[in-house]
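Novice: Listed below, chain by chain, are the residues.
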Amino acid sequence: MKSIRRSLLISLLGGVALSAMISGTVLHRQSRAVLTAQFDAALKAKALLVAALLEIEQGRLEFDFQPARMPEYMGGEEPEYFQLFLEDGQVLYRSATLGSSDLPHRFGPVEQPEFFDLLLEGGREGRAAGLRVTVVGEAADPSGGSEDGEDDEPEQQARAARIDVVLVAARARTELSAALASLRRTAWLSGSLLALLVLSVVLLSVRRGLLPVNTLGGQVARIGVDSLSRRIPADALPLELRSMVEKLNELLDRLEQAFLRERRMTANFAHELRNPIAELQSATEVALAWPDDEELGQRAICTAQAVSVRMGELIAGLLRLSRVASGQAQLEREEVDLCSLVERLWAGLEHQARERELCLEHRTPAGVTLKTDRALFTSVVSNLLENAVQHATRGTSIVCGGRRTGPAGFEWTLANTASELRQSDLPHLTEPFWQKDGSRSDSSHSGLGLTLVASITEALDMQLAFRLDGQFQVLLSHRDSGNGRA
Amino acid sequence: MRILLIEDSERLTESLRSGLRKLGHAVDIARDGTRGLSYARCNPYDVIVLDLLLPELDGLSVLKRLREEGNQTCVLILTARDTVDDRVHGLRQGADDYLVKPFAFGELVARIEALGRRKTDLANPTLRIDDLEIDTASRRVKRRGQILHLTPREYALLLLLAKRKGEVVTRIEIEDHLYDERTFPQSNVVQSAISSLRAQLAVPGARPLIHTRWGRGYLLDEEPP
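Protein sequences appear in the order of chains A and B. The numbering of the first sequence is the numbering used here, which starts it at 1 and goes up by one. The numbering of the second sequence is the numbering used here, which starts it at 1 and goes up by one.
So here's chain B without its partners, still in its complex pose (with noise of 0.2 Å):
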């Protein structure tokens, strides 16, 4: 998924940022109210992380006008305020989910990735394509069931292309959910990582599922249309 964490907080964004990628996360920092919708509206977000005390322009307003100009991309409030008027008032404001610092890690991943869920409408959270099956829950995958241990980016890859199973996804979507503004991918990058991904789905017996549109992009299927 590709996340845009709004914070001031130096010390807490390069942590968040860090675990993040670690788990196969594309993130974006902005640290002021201002370049976060800036950000937000010129990037496709999975999540937005949004602290509500934030420089120039607060967390709220930028919620607000988020959503008055449409954009309807998941958006979780990270913040030290903790009443239940400010969860209640934010949540009103069109947040769709709302955690207090100090929080817990884990908690936070967990909630972004129920957020990315609830995107793309996966009630369920395992998805099956033909042998392959991902449990989005516990990001584990298994095929003909064996377990496949995937890097963290070839699972992120495999979750963009199963989510839209059947559709061609392109080069440059892919880049934009599996890259954020730190990295520079060189013009191979996503073949090489589509590569990788298709070596670890080959276990013996298995058909191939990822399919090459030239000059279009990659989709994931059981057949080929």
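Looking at chain A on its own, in the form it has when it is part of the complex (with noise of 0.2 Å):
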């Protein structure tokens, strides 16, 4: 399972404990570096002083060496080692301290020594610095030169002599080598601390920077079927969580609406289930317990027909509702013309409306067609305006009307007055069972109705809403997609 945790941790300790192999191998070869040159330079600069001894004199080269200015090359504790080559190799000169043993003949130029390590007497580590002096003399005089001095100055010039010598000078590198170990010893140590350092400061940063989301992982745990209607703060939480936050809690509010839904649906679906099961429970009881009495019989049986007849048309406005909602009803698309199929619908609620008073204002033109499914959206207008004869204000008109908006696309409105209804029913219109009366007195409605026409009108991909604006209207469109089908 991926864990952020430990994908910081490895990444960061990862990160950091790279950085600081390379810096610490950087920094410790620079300072090996500076430290070996200040040793080469110390070791140079004693090679010149050597070096400095040499003179040619009368064409000879002569070594003004005294022991006692110099007495690190006779011996003592910390010796030091040097000998003079002349180029092609041959030995001019060994320090005391080197006895008969030679230094290696490697050198360079003088501005630019060759130094190199190499084992001194008895095993010691030392370095060497081996570069090549010249020597400027005055040659020798085969004349014996002359007396009074004058234009001697070309000719000395002229005389002058030149020798190359090699001089290798070297010494123990106790100290440069203790120099690097302690350095070395020292970046261990102070990596080491560095590490621990860094491994606590990531892990509490990390565990720090994670406290938001494990908070936040605690509370989403603690929300349940039973506690939808919490909510979690985001106020409180860094920015990067907020968003998220609060796309989580309009996720619960639409959940818990789905809950409530939910069980607003099955709590009058049980409603619409028991009260008809304790009528011909009841009814059916109360004649067996007095089988001699007909008329008890009789009601039973009448009731038992008018029970079995509604869970009748209640299973089957649901088996209906099931196949709409599933796609499973088979459209065929025709040209269906609005006006007359309203005024058909009409004619067989006209009865049911002189009842109560209500009279149609038809308004929509002749001659306005919408190719779609004629047998599901007759239904659709049929069952609007069934709602509308049936719960219209008593003496009070139902306007309808319809238009074209394009090629494939229709508005039909239908409005009627509804003084029962509320805003905040218009969200549970479409509910299966839902209805307006609380006591679900009306035996002859199930509530699907409504729920039935929002599935056909999304299957017929129209647009169904509601408004109540002193009246109550639906209305009804499909827009024009362009594909010429409504």
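None of these hints come from the bench; they were simulated from the model. A quick note: this is a predicted structure, and the numbers were derived from the prediction, not measured. Backbone N, C-alpha and C fix where the C-beta goes; we use that ideal spot for every residue, glycine too. It cannot be assumed that every hint is accurate.
To be verified - Cβ pair distances, simulated, as ranges:
#1 A:291 x B:100: 21 to 29 Å
#2 B:34 x A:426: 22 to 30 Å
#3 A:426 x B:140: 40 to 48 Å
#4 A:374 x B:110: 35 to 43 Å
#5 B:69 x A:222: 41 to 49 Å
#6 A:354 x B:167: 55 to 63 Å
#7 A:354 x B:140: 53 to 61 Å
#8 A:291 x B:149: 12 to 20 Å
#9 B:61 x A:426: 20 to 28 Å
#10 B:34 x A:395: 18 to 26 Å
#11 B:70 x A:426: 55 to 63 Å
#12 B:61 x A:5: 35 to 43 Å
#13 B:94 x A:354: 41 to 49 Å
#14 A:424 x B:94: 24 to 32 Å
Work from the hints to combine the two standalone chains into their complex.
Specialist: Written out as structure tokens, the structure is:
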């Protein structure tokens, strides 16, 4: 399972460890180079000091070495070494500390001597600098020279002698090795301490950084079916989580509404079933308790018949709703004349409307047609008209009108007075089994009519909307999508 | 007993009314909450059977108003609402019993009769007056060990008199408890019912238990005071 904490720890610690290793290595190398360079510079300076003792006199190479002034080349606790060679390797001079052994004949120009490690006597580690120096001096005077000294200068220049001498100076590198070892130890120690510190800081930071996520996780985990009204406060959360929590809260809103709708539907459905069963059970039990009473028997039969019809209608409605909602209903589109459809359906409702002193103001112009499934669309309009006739205030008008809004688009509205309906009722109108009358006394309705209308309009790619603005309005529309179908 | 049935389902109320009347109870019916409240205020019912989902005024509001007005008539809630919360809420609002639809008619009757007994503080379902024994649970009446076969109305009249043993029960009280709004008793119907009951109780060797108080009513007791 992926873990943000683990990923963060691995990437942070890995990154920090890699950075520490690289920077430690670079630092160590750099420090070693500096220390070695300092050591080499000191070695070179010492070598040049020795080289300065070389001179040419009368064509002869002289080495004015005075052991008393440089006792380190004579022995002692920290002996140093040098050896003078001619360029061809011929040994000119050895320091006393070398005894009969030689230093390697390796060298570079004086500006850039060759530095190299070597093993000194007794197996000690040492470092040497080999350089070639050019000793300039007076060449030997084959004539013995001029007495008066006149016109000597050009001759002297002509008689200057140059001898290349290789000087290899060496000394034990104990101090350098100790300093480098100390540097390594310090680097490892400080690196380890830094690693511990970084580990602690990273752990703490990751924990602190993930705290809101963990808290949020706990809050979300505590939300169950029984606590869907609970919301997660977004204000206290970091910016990165806030939008997610706001979306989560919106989702919870929708989920709560869905649950409430589901519960209402279940309760209404249970009521829809319990009442007729109670009627049936009571009627039959009473009839069975007094079997000689014909009137009771007759009433029980009538009740059974009425209840079975009602249950049959309920089941038929549910099956139809299920078919439409699952897209199983076969659509057969054809041109439907809206005006004549409304007039035909109204004719069937006219008697009922007259009893309630209702009249229809039909404002759909003749010739408005739409291409749709005739049977399903008819059931939609029929249902809406029936509702209007049953729920409109007595003695008022029902107004309906339709118009085209494009080659395939249309709008159809149905308006009637509905004094009992409230704005808060509108979202529930298409819920299965919802009825305005909470007592559900009207057993001729199951509360599936508008649910079916909503499902069918969806299947027909139509939009259904309700408005309550003085009057109750049903708006049925189809947007012109350019495919020529409604 | 006189029972008020506040229920909007016509088919249900008709069958319940028939069954309860067959058992000798007087049953009034109100199909909405407002009318039910009005009936309950105006008539001395033994038990009110109350639906919760009612037109105009819901059942809980009816119950609440009755209790606020001091009406202590036993109320049995009969409803399709079956959750524990619904039951608890109903009982806390002052209902004495709660029955969920669908229900067995026999259970409803038993609960109504139990509430009726509770109203008269009858912890023991058997009433004894001299050698007369009335088992209110099984609705069986014996005198001197002999089972009497009373009609439901005779039984209801006997029970009314027995519950108020030694008290004069007026003719109007008897009419109120034995006849519902559908019945229009003639002036001699109570007298006729008393005569019929007296005849049923008159087993050999037994002395009269029902005594007439002229101009006042009737009383049931071992001996006339």
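Novice: All the hints need checking, so say for each whether the structure fits it.
Specialist: Quick rundown of the hints versus the structure:
| no. | hint | verdict |
| --- | --- | --- |
| 1 | A:291 x B:100: 21 to 29 Å | 27 Å, holds |
| 2 | B:34 x A:426: 22 to 30 Å | 27 Å, holds |
| 3 | A:426 x B:140: 40 to 48 Å | 59 Å, violated |
| 4 | A:374 x B:110: 35 to 43 Å | 57 Å, violated |
| 5 | B:69 x A:222: 41 to 49 Å | 45 Å, holds |
| 6 | A:354 x B:167: 55 to 63 Å | 60 Å, holds |
| 7 | A:354 x B:140: 53 to 61 Å | 59 Å, holds |
| 8 | A:291 x B:149: 12 to 20 Å | 18 Å, holds |
| 9 | B:61 x A:426: 20 to 28 Å | 25 Å, holds |
| 10 | B:34 x A:395: 18 to 26 Å | 24 Å, holds |
| 11 | B:70 x A:426: 55 to 63 Å | 41 Å, violated |
| 12 | B:61 x A:5: 35 to 43 Å | 57 Å, violated |
| 13 | B:94 x A:354: 41 to 49 Å | 46 Å, holds |
| 14 | A:424 x B:94: 24 to 32 Å | 29 Å, holds |
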